[in-house]
Amino acid sequence: MEMNRRQFFKFCGAGIGASSLAALGMAPEPAYAETIRHFKLANTKEARNTCPYCSVGCGIILYSRGSGGKNVSQDIFHVEGDADHPVNRGTLCPKGAGLVDFIQSPNRLHYPQVREPGSNEWTRISWDEAFGRIARLVKDDRDANFIEKNESGDTVNRWLSTGFLAASASSNEAGYMTHKVVRSLGILGFDNQARV
Amino acid sequence: MTNHWCDIKNANLVLVMGGNAAEAHPCGFKWVTEAKAHNQAKLLVVDPRFTRTASVADTYAPIRTGTDIAFLGGLIHYLLKNGRIQHEYVRNYTDMPFIVKRGYTFKDGLFNDYDAESRSYPDKSAWDYELDDNGYARVDMTLEHPRCVYQLMKTHYSRYTPEMVSSICGTPLKRMMEVWDTIAETSVPGKTMTILYALGWTQHSVGSQMIRAGAMLQLLLGNIGMPGGGVNALRGHSNIQGLTDLGLLSNLLPGYLTLPRDEEQSYADYIAKRAPQALRPGQMSYWQHYERFHVSLMKSWYGDAVSADNNWGYDWLPKLDEPLYDVLKYFDMMYEGKVNGYFCQGFNPIASFPNKAKISAGLSRLKYLVVMDPLMTETSEFWKNIDEYNDVDTANIQTTVFRLPTTCFAEEDGSLVNSGRWLQWHWKGGEPPGEARPDIAIMGGLFHRLRNLYQREGGAFPEPILNLDWSYQRPDEPAPEEIAKEFNGKALSDLRDDDSGELQVRKGEQLSGFSQLRDDGSTASGCWLFCGSWTPEGNQMARRDNADPYNMGQTLGWAWSWPANRRILYNRASADPAGQPWDSKDKRLVWWDGSKWTGTDVPDFDAGSAPDDGMSPFIMNPEGVARFFARDNLVEGPFPEHYEPFETPIGRNPLHPDKPEVTSNPAARVFRNDMELFGDADEFPHAATTYRLTEHFHFWTKHCRINAILQPQQFVEIGEAMGNELGIKAGDRVRVSSNRGYIEAVAVVTKRLKPLQVDGKTVHHVGIPLHWGYVGLAKNGYVTNTLTPFVGDGNTQTPEFKSFLVNVERV
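Chains as they are written, first to last, in the working numbering: chain A, 1 to 196; chain B, 1 to 811.
Don't take every hint at face value.
[Claimed, not checked] Far from chain A, some chain B residues (derived; all Cβ distances over 12 Å):
| hint | residue |
| --- | --- |
| 1 | N82 |
| 2 | F106 |
| 3 | D128 |
| 4 | D499 |
| 5 | H656 |
| 6 | F671 |
[Unchecked claim] The calculated DSS-like cross-link candidates involving lysine-lysine, where the alpha carbons are at most 27 Å apart (straight line), are:
| hint | chain 1 | residue 1 | chain 2 | residue 2 |
| --- | --- | --- | --- | --- |
| 7 | B | K124 | B | K107 |
| 8 | B | K659 | B | K779 |
| 9 | B | K107 | B | K485 |
| 10 | B | K338 | A | K139 |
| 11 | A | K149 | B | K338 |
| 12 | B | K779 | B | K729 |
| 13 | B | K174 | A | K70 |
| 14 | B | K367 | A | K149 |
| 15 | B | K761 | B | K729 |
| 16 | B | K485 | B | K507 |
| 17 | B | K338 | B | K367 |
| 18 | B | K367 | B | K384 |
| 19 | B | K101 | B | K273 |
| 20 | B | K367 | A | K139 |
| 21 | B | K174 | B | K761 |
| 22 | A | K149 | B | K485 |
[Unchecked claim] Facing chain B, according to a computed beta carbon distance under 7 Å, are these residues of chain A, among others:
| hint | residue |
| --- | --- |
| 23 | P52 |
| 24 | S55 |
| 25 | V56 |
| 26 | N71 |
| 27 | A130 |
| 28 | R142 |
| 29 | R158 |
| 30 | G163 |
| 31 | G189 |
Note that these hints are calculated values from the structure, not bench results. Since we're looking at a predicted model, the values are computed, not measured. For each residue, glycine too, the CB sits at the ideal point set by N, CA and C.
Put together the whole structure using the sequences plus the hints.
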């Protein structure tokens, strides 16, 4: 016998004691109030962060699941504006409001890859192989094309045949590290999005 | 930004020109709403398109793309002619009384000593002040000297009559005068206008001069250094400010220090040129400390390996034989086959740079390309044939491409600098997918490998590689905290006060601010401008006190602002020469309290210099005052002059109609082959401009499901009149072509673009959003920059994305 909650009470009202029916294993589905989903941000871990899009620098809160234990990875499943932040005061724009879809985008890259000359496909490689091959290419090109003196004999110590574009969405720490490395190699073809 | 986001609420008037903050910076634009609601501020918008920013403006004025200098020059003329300027401010805080050298002239669109062959002014020596016997600049406080800056400027802009300006810009005269008159009202001391601009000013062949013209306007009105004032660049990426501050540009070092040129073989001369003597008696010239900043940087990078004996490693810095190896120059070299390797870290040049065909050809001539990114990018797949969207011959492209997965913002600790110069620390919230690594680990890992190779094998000039200080706990993956502490800086030996000998900072301790930096090698600081961000008290960037005790939006306890936690630059100018605020009620920022400078912000001045001492507010300039006359700092000349975009719909410069050589910027660099690729109005009659939509961020959000749903498909905007003329209805598919290629997209026919009457012709605008490409969750589209011209601003070389010519037809 199947009946919904409303029919059940109607039926009971017709004269049969609800308790006895319940005792026969005919209890109704729980009330909607009891099945409503739990507050989704309960028992989450919060991290304060900054929106990576435009330069307003809105404060955001990343909510993740996971115990926080050493070998447990935190899974970010919700992002919202930081109400304490003096600029955005908890609000986000249509871009910032979709940030969780950036973090979880199916187009995130997972592994180092290489596309060989003339090939039409990517091949997965290890970090070790990637670093090894790139370092070799860099060194060979630098050693072959480094310019210590210009035509007038002045010391110039520059390397023009390899260039570097830096990321203006990377942190100051990544940017500083990148600059330190790039200049020590003598690179001048060096810019970031501030140029365009 | 000279000011910052929350400070916009202090404005009496907001001018948005060359930007569209409501759509591109929505949460920042809320402060404009705040100013309107609670400060009775008005909003003016000047833009070719009736944007969402314009939709909430008190007055909107349409303008033809690329003509902002004419508009602003006309306004400058109007303010000077009618005396509607902040007189006391201008006389005391700007170079108006300064007398310019005799050789300076301006005639027929050119300043003195132009060389047509090299498209430049090789000798700019006359673009300077006349000096007296003591080496100080001569001034005439009556402003009557015929060669004082005031008189030269008045003459220069006298040609910019309202009728002429209206004819160049296409702005209806009445509407233009309404805007000018409203702006002029803020010349009253204590009334402020803020200017909010973005890439609509930057991305022109005269972009730097446009921004200068905006700054000149603000100086005339006394709005620089004031709460609710300033010239505010709304920057386009979350840390584009930080990467600029850290000098990740062809010719820079961290903190706006600059790389030497070939001819600067002497270290002493290199420093002397960058540490100018004061040009007025009693003035502070802050860049005189250049050597302290430079030596501290070199100690930070090279530690014990550099000392006074080897000129602090001066020879280890690469020297420039060109003004810049900017991206246009570099991709031109790539196109010519002169480049073997290229790294793209979170950057998508094939979509972001002009003339996609040239970029694609350049990338195809590389031996190797390394892409580091959290997402798939068009650049990493430039070799893939994606039908009409990327029609390349894969088998013939011999470039080896490495694609390295990086973490995104949510998966790492670190700091970003927002437009308002706030360094804000953020914390990791989760793990990256798969084997993705932080950029720091990739750079660290790569460098570590490379250094091992140099140690083992030797090689070309290995000294700077082998001596680079790398004392990180994990050499292949330095921690963000270690690096942040490094760019702040520390004492390398005990620092004592010069006079009393008192111990100030112990060896090894973090520094508290850049005033502690020394030029004797006893301090290290990787970026002097960020010194103060991680002090002995800890990480200042992580501070979260949002208290605003003066109710002026300064929140000095939230994060940390460069320089020295100062929130509004040049704020000494918010007080009158006697040291009291121009408006002591609503615009109190800093003031002299009888013994020192104090206030609601950190004073941008020598805190102990009394008003009577006669020091002027703009201490970063050796003359102490702000410049209307740019001296020799810009390639086109000391005053902004209107030149047409390289692709102009009217084919001539109405200010100089018979001088084709000054139709467009005569000092802009144009590469061989690119000149022929400019189109003209006969074949491509419409003025086109590119921009962002509010639902998308560049080429990233097409990878995000919700944004790809909100704006799934590529479109272009045309006005109703143009639609009628060409028989194009909303929803039709159109082909938009320039002399460099074409794109096809859906037409949006709108009332928001109106035809303008320019120089006797009707000019239509075509609006082209830039977000589509051939990878992503949104529908595939054409790369917008297939269309744009390969020419940049004369100074910065930022490409002219905002003004070019197209033809539009139904397909």
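Query raised in the report: Which hint numbers doesn't this structure obey?
Result: 8, 9, 13, 22, 26
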